[in-house]
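*Asks:* Generate coordinates for the entire structure from the input sequences, incorporating the hints supplied.
Chains as they are written, first to last, in the numbering used here: chain A, 1 to 88; chain B, 1 to 346.
Please note: incorrect hints may appear among the correct ones.
Distance ranges between label pairs, derived from CB positions [to be verified]:
#1 L46/A <-> R164/B: 53 to 63 Å
#2 I114/B <-> G49/A: 23 to 33 Å
#3 L46/A <-> G214/B: 40 to 50 Å
#4 L217/B <-> T52/A: 31 to 41 Å
#5 M326/B <-> G41/A: 40 to 50 Å
#6 G15/A <-> G214/B: 34 to 44 Å
#7 Y50/A <-> I320/B: 39 to 49 Å
#8 G58/A <-> V24/B: 53 to 63 Å
#9 P147/B <-> G49/A: 21 to 31 Å
#10 G316/B <-> T55/A: 31 to 41 Å
#11 Y50/A <-> P147/B: 17 to 27 Å
#12 T55/A <-> T194/B: 34 to 44 Å
#13 A11/B <-> G15/A: 50 to 60 Å
#14 S292/B <-> Y50/A: 39 to 49 Å
One-sided excerpt, in silico: chain B residues whose CB lies under 8 Å from chain A [claimed, not checked]:
#15 I117
#16 P118
#17 R121
#18 V122
#19 Y126
#20 I129
#21 S130
#22 I132
#23 A133
#24 F136
#25 I137
#26 W140
#27 H144
#28 I208
Hints were generated in silico from the structure; no laboratory data involved.
Beta carbons are placed, not taken as given, at the ideal position from N, Cα and C, and that holds for glycine.
Each chain, written out:
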Amino acid sequence: MSSIGGITFGLVGTGLKAFSVVILGGLDSFLGAVVAGPIIGLAENLGGGYLTPLTWPGVREIIPFVIIVIVMFIRPHGLFGERRIERI
Amino acid sequence: MPTGIRSYNYAQDMAIFRTRAHWVWLGVLLACLFTGPLYWGNYWLGVANLIGITIIAAMGLNILTGYCGQLSIGHAGFIAVGAYTAAVLTNRFEMPFLVGLICAGFSSGLVGMIFGIPSLRVKGFYLAISTIAAQFIIIWVINHWTPVTGGFNGMSVPPAQIGRLTFISQGSQFYLIMIIVMIVVFLAKNLSRTRAGRAFVAIRDNDIAAQVMGISLFRYKLLAFFIGCFLAGIAGSLFAHWTGFLNAENFTMMDSILYVGIIIIGGLGTIVGPIFGVLFIRLLQQLITQISPVMEGTLPNLPAGFTTGIGPMVFGIAIILFLIFMPRGLAHRWSLVRASYRLWPF
Numbered sequence: 001m002s003s004i005g006g007i008t009f010g011l012v013g014t015g016l017k018a019f020s021v022v023i024l025g026g027l028d029s030f031l032g033a034v035v036a037g038p039i040i041g042l043a044e045n046l047g048g049g050y051l052t053p054l055t056w057p058g059v060r061e062i063i064p065f066v067i068i069v070i071v072m073f074i075r076p077h078g079l080f081g082e083r084r085i086e087r088i
Numbered sequence: 001m002p003t004g005i006r007s008y009n010y011a012q013d014m015a016i017f018r019t020r021a022h023w024v025w026l027g028v029l030l031a032c033l034f035t036g037p038l039y040w041g042n043y044w045l046g047v048a049n050l051i052g053i054t055i056i057a058a059m060g061l062n063i064l065t066g067y068c069g070q071l072s073i074g075h076a077g078f079i080a081v082g083a084y085t086a087a088v089l090t091n092r093f094e095m096p097f098l099v100g101l102i103c104a105g106f107s108s109g110l111v112g113m114i115f116g117i118p119s120l121r122v123k124g125f126y127l128a129i130s131t132i133a134a135q136f137i138i139i140w141v142i143n144h145w146t147p148v149t150g151g152f153n154g155m156s157v158p159p160a161q162i163g164r165l166t167f168i169s170q171g172s173q174f175y176l177i178m179i180i181v182m183i184v185v186f187l188a189k190n191l192s193r194t195r196a197g198r199a200f201v202a203i204r205d206n207d208i209a210a211q212v213m214g215i216s217l218f219r220y221k222l223l224a225f226f227i228g229c230f231l232a233g234i235a236g237s238l239f240a241h242w243t244g245f246l247n248a249e250n251f252t253m254m255d256s257i258l259y260v261g262i263i264i265i266g267g268l269g270t271i272v273g274p275i276f277g278v279l280f281i282r283l284l285q286q287l288i289t290q291i292s293p294v295m296e297g298t299l300p301n302l303p304a305g306f307t308t309g310i311g312p313m314v315f316g317i318a319i320i321l322f323l324i325f326m327p328r329g330l331a332h333r334w335s336l337v338r339a340s341y342r343l344w345p346f
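*Replies:* So this is what it looks like as structure tokens:
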């Protein structure tokens, strides 16, 4: 990341967005991270392009976080994560 | 409580202050507190007001995280919801202060419940992530919903007013905030002993076992989120009227982490814990603010920005040291002191 975009304090935001990738892909799945990474990236940029006229500028910054909340509501274990059955 | 005190009925057994000595200590504490504005300067009254507001917020987070076990790293976001609700109601609609205070609590509680719904299916790390998401979404909405919240420019808030009383000076706000702090601490203490409080502790210890025992997880987890965020909203409303000017810069994710740190330092799942934690953290911050000009004066060779960056560093070191040496927080230390007092003459 730093070789492409330079080292800035904004890398903190990139690290936080990585959470949305692993949550969408499933926390214990490598395949999930590989598949979800492009999904999040595309959603962020396409959404930023198409939603900005409808909402407010800067909407692309929070799309990963909205995706986290949606995934938490619908599929907490993510796309490829293992569904845990808990016992006492 | 000294040895040899017996209870003869249930009310005596459940009383918070059981002996005459307790009442005397309470009276001394209250007397010190309420005569404080007479001999504290304006600056330290401001610090005391900030401590009071933070105690209310930390008490809410303690009910949510300490009692019910639902980790929230979005508490500053919920405080922001309350602060902006109160600001919009009192500034744009010119509602009275108390209406704004209650509405701030309810709006913050409702937003907290919405973001608390994932807690029914996920817990621990996942819930922490989804509350981080809540923090970012709330702050983003506040920053961009310019017609209502003023956006990046912030908005001004009129001083608190009850009837003819206007709370402008730090001293008068001190009384307002301290009275609300006392109400909140009293309610939190009693909440922890009711059916709901015991249900929260059961959910914290093992939520599936709690469900088997007949505790409705849906109801009590959302209730914990509501109460925790309600108190955050109250704190936010007081904060808005205390500063007089709101900006989303006041509610960053660092503040959310600070609140989690406060209740860890104070002691999770106790009533006195948040009070000790807030006192420790806020006075530590004051110490750093007071000491950093002295350090710059005496040690001119320090790298640039060292004194401004020392605050977060000391805060992080404090949390690490507390987790290593005192994992149960200052509240545990306080209970040890009380236990030695119990056997005092011997």
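*Asks:* Of the numbered hints stated previously, which ones are contradicted by the structure, given in increasing order?
*Replies:* Structure breaks no hint.
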